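Asks: What follows is the residue order along each chain.
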Amino acid sequence: MGQNIKMTPLQMDALKEAVSIGAGNAASALSKMAQSRVNMSVPKATIVPVSDIPKLVGREKDIKLLIRVNIIGDAPGAILITMSMASALTLSDILMERKAGQTKMLGPMDMSAIQEVGNIMTGNYLRALETFLKVPFRSSVPFIAMDSEGKVLSGVLAELGQETDHAVVIETELKEKDHEIETQFFLIPSHRSLERILEVLGVH
Amino acid sequence: MVSKRVMIVDDAIFMRKVLREILTENGYDVVGEVNRGTDVLDKFKDWKPDLVTMDIMLPGIDGIDAVREIMKVDKDARIVMISALGQDELVDEALKAGAKGFIVKPFIPSQVIDVIKKILG
Chain Z
468 MGQNIKMTPL QMDALKEAVS IGAGNAASAL SKMAQSRVNM SVPKATIVPV
518 SDIPKLVGRE KDIKLLIRVN IIGDAPGAIL ITMSMASALT LSDILMERKA
568 GQTKMLGPMD MSAIQEVGNI MTGNYLRALE TFLKVPFRSS VPFIAMDSEG
618 KVLSGVLAEL GQETDHAVVI ETELKEKDHE IETQFFLIPS HRSLERILEV
668 LGVH
Chain W
2 MVSKRVMIVD DAIFMRKVLR EILTENGYDV VGEVNRGTDV LDKFKDWKPD
52 LVTMDIMLPG IDGIDAVREI MKVDKDARIV MISALGQDEL VDEALKAGAK
102 GFIVKPFIPS QVIDVIKKIL G
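Residue numbers (our numbering), protein chains in the order written: chain Z, 468 to 671; chain W, 2 to 122.
No wet-lab data here; the hints were simulated from the structure.
What you are looking at is a predicted structure, and each value in this text was computed from that prediction instead of being measured.
Built from N, CA and C at the ideal position, the CB exists for glycine as well.
Careful: at least some of the hints might be erroneous.
As the list claims (entries may be wrong) - Going by beta-carbon spacing under 10 Å, a handful of chain Z positions derived as facing chain W:
| # | residue |
| --- | --- |
| 1 | Asn492 |
| 2 | Met576 |
| 3 | Asn586 |
| 4 | Glu597 |
What the hints assert, rightly or not - In the BS3-like style, the derived pairs of lysine-lysine whose C-alpha atoms are separated by at most 30 Å in a straight line are:
| # | chain 1 | residue 1 | chain 2 | residue 2 |
| --- | --- | --- | --- | --- |
| 5 | W | Lys49 | W | Lys101 |
| 6 | Z | Lys499 | W | Lys118 |
| 7 | W | Lys118 | W | Lys73 |
| 8 | W | Lys97 | Z | Lys601 |
Please take these sequences and the hints and turn them into a complete structure.
Replies: Structure, rendered in structure tokens:
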């Protein structure tokens with residue numbers, strides 16, 4: 468634990484290709500939900516120790532929105548999607564067809580909409596990864612929470628850290644007209660699942 | 002002409018809003034909304050809808066079991082499953098249980114209406 472997994476440029480390209488396909492699908496899905504074109508930046512993908520995730524998510528004092536989806540079946544694990552409150556409010560502006568900056572607080576409808584985005588984006592990412600990596604992924608209903616001071620994230624990572632050491636991190640930026648949203652997507656496979664993924668990518 | 006009556010079953014308030022808007026804008030009468038699988042059968046009996054839209058994943062009992070419960074009391078019930086990408090096996094199971102069709106999220110309104118029209122005839 469605590470060491471990055473070293474991959475060759477070719478293996479990293481394979482992972483990034485899978486991630487790009489997933490990100491493209493997720494952007495298309497979000498475009499449908501928003502009924503407006505959503506563009507996604509080229510996602511950055513790396514494999515990092517789970518212990519590094521809090522540092523990547525950012526300052527603990529900031530409130531973040533956290534969506535967790537459990538992956539069940541043959542390749543268990545979890546997915547975490549994080550975004551700043553500013554991005555969450557912007558996303559809600561888009562989904563609720565409000566003007567930029569109109570959403571000031573996240574009510575039940577906003578949280579439900581964002582949770583649904585998490586559900587749909589997760590499905591799209593996993594489907595792409597499944598096709599590319601030939602590893603079956605099935606997901607549960609998403610859990611959404613506002614996380615101040617990183618407490619929820621710490622709890623989730625403490626639980627997941629018992630089953631795994633590493634995570635695939637995907638950072639990407641979404642743009643819809645004047646709206647910009649930054650999200651971080653963490654795929655946290657169990658030991659067994661990561662071994663399968665790495666085997667497919669040719670890493671042992 | 003009497004509007005066809007639709008019951009929406011989904012635990013996500015946002016998805017219920019999206020479906021309600023699509024249906025009412027296209028002339029359907031949303032007779033009620035349910036957010037838990039355990040409430041589906043009672044409400045189905047109370048409201049007697051022409052069609053049910055059923056989310057596959059629900060708290061309480063899941064959408065597939067809710068389909069089975071409805072089919073036991075009304076073998077002619079018309080149920081459309083609402084699923085996310087990557088739920089193909091669940092959709093297959095729901096169709097075997099008696100659902101008449103499915104729609105994958107995210108959907109565009111015309112796709113929803115096309116599927117519903119085909120099922121309602």
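Asks: Is the hint on glutamate 597(Z) kept, meaning its closest Cβ partner in chain W is under 10 Å away?
Replies: holds, 7 Å
Asks: Mind checking the CB of asparagine 492(Z) against every CB in chain W and telling me if the closest is under 10 Å?
Replies: With Cβ-Cβ at 8 Å, under 10 Å, it holds.
Asks: Need the status of pair lysine 499(Z), lysine 118(W): alpha-carbon distance at most 30 Å?
Replies: OK: lysine 499(Z) and lysine 118(W) at ~21 Å, within 30 Å.
Asks: The hint names asparagine 586(Z) as touching chain W; please verify it with the least Cβ-Cβ distance against 10 Å.
Replies: holds, 6 Å
Asks: Measure nothing beyond the straight line between the CA atoms of lysine 49(W) and lysine 101(W); if it is 30 Å or shorter, mark the hint as holding.
Replies: holds, 17 Å
Asks: Quick one, is the methionine 576(Z) hint okay against chain W at 10 Å, beta carbons?
Replies: holds, 6 Å
Asks: Hey, lysine 118(W) versus lysine 73(W), does the alpha-carbon distance stay inside 30 Å?
Replies: holds, 24 Å
Asks: Mind checking the alpha carbons of lysine 97(W) and lysine 601(Z) for me, to see if they're no more than 30 Å apart?
Replies: holds, 27 Å
In this structure, every one of the numbered hints holds.
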